[in-house]
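Peer 1: Quick note on numbering: our numbering labels position 11 of the sequence shown as 11, and the sequence is numbered without any gaps.
Honestly, I wouldn't trust all of these hints.
Pair by pair, the computed Cβ-Cβ distance ranges are [said to hold, decoys possible]:
| # | residue 1 | residue 2 | range |
| --- | --- | --- | --- |
| 1 | 24 | 3 | 26 to 36 Å |
| 2 | 12 | 40 | 37 to 47 Å |
| 3 | 39 | 2 | 55 to 65 Å |
| 4 | 35 | 12 | 34 to 44 Å |
| 5 | 4 | 42 | 30 to 40 Å |
| 6 | 6 | 26 | 49 to 59 Å |
| 7 | 33 | 13 | 24 to 34 Å |
| 8 | 5 | 25 | 23 to 33 Å |
Just so you know, the hints here were simulated from the structure itself, not pulled from any lab data.
This structure is a prediction, so every number in the text was calculated from the model and none was measured.
The C-beta atom is built at its ideal place from N, Cα and C for all residues, glycine as well.
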Amino acid sequence: MSIIYMLLAISVIVALVFFAAFIFSVKSGQFDDTYTPSVRMLFDDEIVKDKSEKPNIKNNKKPIIFKEQLK
Numbered sequence: 001m002s003i004i005y006m007l008l009a010i011s012v013i014v015a016l017v018f019f020a021a022f023i024f025s026v027k028s029g030q031f032d033d034t035y036t037p038s039v040r041m042l043f044d045d046e047i048v049k050d051k052s053e054k055p056n057i058k059n060n061k062k063p064i065i066f067k068e069q070l071k
């Protein structure tokens, strides 16, 4: 029974060591993303409609696409 207490204590100590290593690596910038900001300008942006534009009420139907056109 005493071995269970010893293993439990060792596992808690190992968990605390890993947690401390994780906190240290986060504080030192190990997980900072330096690649994505440099290539973000290369990705296509979504088209944002201007709020001042009024929707065209007369022609708001979508075109019909037939299966023959998709081939």
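Peer 1: Each of the hints needs a verdict: does it hold here or not?
Peer 2: Evaluated hints:
no. : hint                  : verdict
1   : 24 <-> 3: 26 to 36 Å  : holds (31 Å)
2   : 12 <-> 40: 37 to 47 Å : holds (42 Å)
3   : 39 <-> 2: 55 to 65 Å  : holds (57 Å)
4   : 35 <-> 12: 34 to 44 Å : holds (37 Å)
5   : 4 <-> 42: 30 to 40 Å  : violated (56 Å)
6   : 6 <-> 26: 49 to 59 Å  : violated (31 Å)
7   : 33 <-> 13: 24 to 34 Å : holds (32 Å)
8   : 5 <-> 25: 23 to 33 Å  : holds (31 Å)
Violation of the numbered hints given earlier is confined to hints 5, 6; the remaining hints are satisfied by the structure.
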